[in-house]
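Colleague: Protein chains in written order, with this note's numbering: chain S, 5 to 271; chain A, 35 to 391.
Honestly, the hints are just simulated from the structure, not real lab data.
Chain S regions said to be covered by chain A (calculated; three or more residues, Cβ under 8 Å):
hint : region
1    : 164 to 176
2    : 182 to 189
Non-contacting residues of chain S with respect to chain A, defined by C-beta distances greater than 10 Å in every case (computed):
hint : residue
3    : TRP57
4    : PRO103
5    : SER251
For clarity, every value in this text was computed on a predicted model and none was experimentally measured. Positions of the beta carbon are idealized from the N, C-alpha and C atoms, including for glycine.
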Amino acid sequence: MTGRASAFAVVAFAALAVALCFLTFPVVAVFADTGVGNLLDALGEEDAREALWLSLRTSLAAIAIIVLVGTPAAWFLATRDFRGRAAVLTLIELPLVMPPAIAGIGLLAAFGPNGILGGALEDAGIRLVLETAGVIVALVFVAAPFFLRQAQATFSDLDPEVVEASRTLGAGEARTFIAVAVPAARGGLTAGLALAWGRALGEFGATLMFAGSFPGITQTAPLAIFAEFNEDFTAALALSAVLIAVSAALLLTVKLAAGRDAFGGRG
Amino acid sequence: MSPGLEAQATATLRQLRIDLRLAVPGHGRIALVGPSGAGKSTMLRIVAGLHRPERGVVRLGDQVWLDTGAGVFRPPEERRCGFLFQSYALFGHLDVRRNVAYGLRGVPRAERRVRTDRMLERFGVLHLAEADPGELSGGERQRVALARALAPKPAVLLLDEPLAALDPTSRASAIRELGSMLGDVKVPTIIVTHDFHEAALLADRLVVVERGRIVQQGPPSRIASAPATPFVGEFAGASVLFGRAEGIEDGTTTVRLDGGGTVRSAEPGAGRVAVSVFPWEVAVELDLGAHRDSALNRIPAEITTMTEVGSRVRVGLALPQPMAAEVTSASAQALGLQAGMAVNAVWKATATRVTPV
Chain S
5 MTGRASAFAV VAFAALAVAL CFLTFPVVAV FADTGVGNLL DALGEEDARE ALWLSLRTSL
65 AAIAIIVLVG TPAAWFLATR DFRGRAAVLT LIELPLVMPP AIAGIGLLAA FGPNGILGGA
125 LEDAGIRLVL ETAGVIVALV FVAAPFFLRQ AQATFSDLDP EVVEASRTLG AGEARTFIAV
185 AVPAARGGLT AGLALAWGRA LGEFGATLMF AGSFPGITQT APLAIFAEFN EDFTAALALS
245 AVLIAVSAAL LLTVKLAAGR DAFGGRG
Chain A
35 MSPGLEAQAT ATLRQLRIDL RLAVPGHGRI ALVGPSGAGK STMLRIVAGL HRPERGVVRL
95 GDQVWLDTGA GVFRPPEERR CGFLFQSYAL FGHLDVRRNV AYGLRGVPRA ERRVRTDRML
155 ERFGVLHLAE ADPGELSGGE RQRVALARAL APKPAVLLLD EPLAALDPTS RASAIRELGS
215 MLGDVKVPTI IVTHDFHEAA LLADRLVVVE RGRIVQQGPP SRIASAPATP FVGEFAGASV
275 LFGRAEGIED GTTTVRLDGG GTVRSAEPGA GRVAVSVFPW EVAVELDLGA HRDSALNRIP
335 AEITTMTEVG SRVRVGLALP QPMAAEVTSA SAQALGLQAG MAVNAVWKAT ATRVTPV
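Just chain S, same shape as in the assembly (with noise of 0.2 Å):
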């Protein structure tokens, strides 16, 4: 019996290691190709600071929005029975399983200048195709379903009795909201947001389609790394690498700001 179990442990270890190596033998071929010089050079380069800096500010702005909506939204799902709910959740999911490039035509069919909203939004003198705000309306797309998801869940998961002492102490549902269920809550809002926030620095389809590759207005990160890609791959490589370095050490610090529990465990 012993030896059948540890067969299929060394099976399972095997497994893993080869996971691992898979994934993360591309983004160590990055650092080791690069070379530290390049990389030194590839920050000293201003489209790259340029991009870096760009990609930095709207994903914030981005996370922002989403954090701010999308609690009270998650809360809702999480706390209400209605009729239509997993219709909801299903529409919710939707950007998560769509292809970028066509959530960047539809972002164009609903607000682009021709779209259903265009007119709307041109009178009231927003404008967003190939803006830095298109970028930001694109992240939002396609970055919200991962904190709305993980944060629902983790709403859901919370110890009913907790939320219902809270009422009874004499707290309205606003209270209890913010001073019981988002602080109990926090490892999985953090992981959510970690979630997103990551997938909001990769973004590229979406904000090529919708808000175009203009440096400093709209060429993120990952869309400078495509335009030098095919003029100078040492370069582009460069900003990968610091790409990489940057949403790594982003996540961490999210992480470690919430503590051990957004590491996986519950909050």
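Once you've looked at the hints, dock chain A against the given chain S.
Modeller: Below, chain A without anything else, positioned relative to chain S:
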């Protein structure tokens, strides 16, 4: 005096139809007892506003909290119900002091601190004020949760299975502690439990609930001695008598019962005690003079009630404290037992449990 609580509700919960009516006087402490899934906790949640019944009225004095007919529903935060949850439901992200202060919003800061610490002291957990709930034992958690529920001076206190989360070894002492802590609470109190013994020690009136309906209510001893249904008879288990332990001699404790009579037990005890005896341990004999057997307890009693429980008869006795004996229908007939007869209640010292109260 605090206003009394009245609650009446009809609700459907999966297969269970709940139809209950309760009245708790301003100083009263009632226990809702019955098996799990009888609808007891749901009734508690209806009173607190955590569950909306299809039809119902909940009223505290002249304040209406719920009246489905008139379209009145006050949310839980406006009802001033102290609620002790089964899991205690402490806020894990707040330390003990902040947990207890949570319900004191609107109280000026300095006064809040004083009131919080006074509650912590009263429940013996002041030294844990800075601890996180995760570091506490089950008993400590219970005391913090009770302090938190009582800090805002609630108009009603509701306890849902207050001892269920404790391990069996700490339960016996926890019942006693909880009993004395509840002694200072002067508002209508409802305790939900599936343990008859626990209910008898904590409440002055029991309401037995079975499948969403009240099957019997009254003082604990009355229910044990005259169960309304076979179910209540099985459920009620032991009769509970109160008295004072007078000392230990030859390994037996003598307990002088309130209202008269003495009982001997093989268990040690001192001070105020509850004596419990299962009805099937108690024999009934006609008082015919001299006896010689191993039963140490032979107490004159009067038969008050005779209740059929299956093939047996539950005999209600006045010692004068009420207690129950159970005999077969055949022997009840052979002895010609009937209400009003003078008999002896007989049982062994080894069949007598002694619990400090």
